[in-house]
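Student: Sequence lines, in order, name chains A and B.
Counting from 1, position 166 in the first sequence corresponds to residue 166 in our numbering; the numbering is continuous, with no gaps.
Counting from 1, position 166 in the second sequence corresponds to residue 166 in our numbering; the numbering is continuous, with no gaps.
Keep in mind the hints are simulated off the structure, nothing from the lab.
Model, not experiment: these values are computed from the prediction.
There's no promise every hint is true.
Since the list gives no way to pick one copy over another, a pair counts as held whenever it fits inside one copy or between any two copies.
Unchecked claim - Cross-link-like lysine to any residue pairs, in silico, SDA-like; alpha carbons within 25 Å at most:
(1) K99 - I60
(2) K169 - S46
(3) K208 - G177
There are 2 protein chains.
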Amino acid sequence: MKPEIDYTLYLVTDRELMSSATIEENVEQAIRGGCTLVQLREKKASSRCFYETALRVRQITRRMGVPLIINDRADIAAAVDADGVHVGQEDMPPEAVRKIIGPDRILGVSAGTLDEALTAERDGADYLGIGAMYATGTKTDAALTGMDELRDIRRRIKLPIVAIGGINKETVLSFAGTGIDGIAVVSAIVSRPDVETAARELKALFIKRRNPE
Amino acid sequence: MKPEIDYTLYLVTDRELMSSATIEENVEQAIRGGCTLVQLREKKASSRCFYETALRVRQITRRMGVPLIINDRADIAAAVDADGVHVGQEDMPPEAVRKIIGPDRILGVSAGTLDEALTAERDGADYLGIGAMYATGTKTDAALTGMDELRDIRRRIKLPIVAIGGINKETVLSFAGTGIDGIAVVSAIVSRPDVETAARELKALFIKRRNPE
Chain A
1 MKPEIDYTLY LVTDRELMSS ATIEENVEQA IRGGCTLVQL REKKASSRCF
51 YETALRVRQI TRRMGVPLII NDRADIAAAV DADGVHVGQE DMPPEAVRKI
101 IGPDRILGVS AGTLDEALTA ERDGADYLGI GAMYATGTKT DAALTGMDEL
151 RDIRRRIKLP IVAIGGINKE TVLSFAGTGI DGIAVVSAIV SRPDVETAAR
201 ELKALFIKRR NPE
Chain B
1 MKPEIDYTLY LVTDRELMSS ATIEENVEQA IRGGCTLVQL REKKASSRCF
51 YETALRVRQI TRRMGVPLII NDRADIAAAV DADGVHVGQE DMPPEAVRKI
101 IGPDRILGVS AGTLDEALTA ERDGADYLGI GAMYATGTKT DAALTGMDEL
151 RDIRRRIKLP IVAIGGINKE TVLSFAGTGI DGIAVVSAIV SRPDVETAAR
201 ELKALFIKRR NPE
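Excised from the complex, chain A in its bound form (with noise of 0.2 Å):
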């Protein structure tokens, strides 16, 4: 059975980016700040330095309690016991990484139209990542969504739904009744001098805006 996810703040690694010394210190501090998924995101890494950073998050997600999601690597995934991975366009598509971790784990999948979304969510995507929403530092190549864009897929898509891209404490104002699950943040808590507090304000003002009183 696959778990039930809480996509409300999904933290996505950045070696570069990240203010803290290790990935696991950022992973942890980021979970204390209420993170509640985790993906791990090698770019540049060798496989060998991939496979042994997951291995020792998986410990930290495990123990505190949040899923860990892979990037790119079904593989890496499948060998760490991992919750998941995610694929963008540029990856392996949905079908195939779905033959290696089964049916039990979760495949997310980023789109940056409604058709890819609706191709996503035919090959059988768990989420979607919604985005690039803004200018980000990380993928500078990224073309952007538009807020409308992201209001028609929400209507056309039954899954769950986080946004993605340039996601800070004044960009994530702008997702208010827009009927998303959660926001994906990289620099703007792994960059932080305080990460754990850089998410929890973070969590606070889209938790504010998506379940208004």
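Got chain A sorted already, so can you dock chain B onto it with the hints?
Tutor: Same frame as chain A, but now just chain B:
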């Protein structure tokens, strides 16, 4: 059941060095020249590109009756139903890869020393790639393995052994009497103007030394 593999002439692809317009052409020409095994290696391509190339190369190797090994990525090997995976010391550990690919696919491991070779054998490798034997443009930072070390490894290890690293029409002569099963070749095949003839000539030179009358 594992397939029987002929390790005599093992082609390792290189998109940047190849003389042909496409990897598929390059591989087809090399197999026509007598390559007995193909490893698809894509160190810079996106996962999507690697996967799609593997699907196309898989068609060629199937049609021509030669096994296909995928470098580093157990998920891509499983997804395209390749015959095996090859990992280096910077890739996932052999035991972790074995869990993904199952008992019936071939698992190759790179080793530069007797210690690494013994470890790889213990960890479930089906064959070893020993080297780099000679300086090479494709792995400029590789430490070289000496001929004495290669002979030591051959004496101590029962697995099939292929030598790799800077093997060309001159250096191939040095493997006479070493008892290795095959040679793995990158640039001396893939970058030649006539890939097919380059493969045929290298194979004849190696076989003559491996099986002296």
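Student: Could you run down the list of hints and mark each one as holding or not?
Tutor: Verification of the hints:
1. K99 - I60: Classified as between: cross-chain Cα gap 23 Å, same-chain 27 Å, threshold 25 Å.
2. K169 - S46: For K169 and S46, neither the intra-copy (33 Å) nor the inter-copy (32 Å) Cα distance is at most 25 Å.
3. K208 - G177: within (11 Å within a copy, 75 Å between copies)
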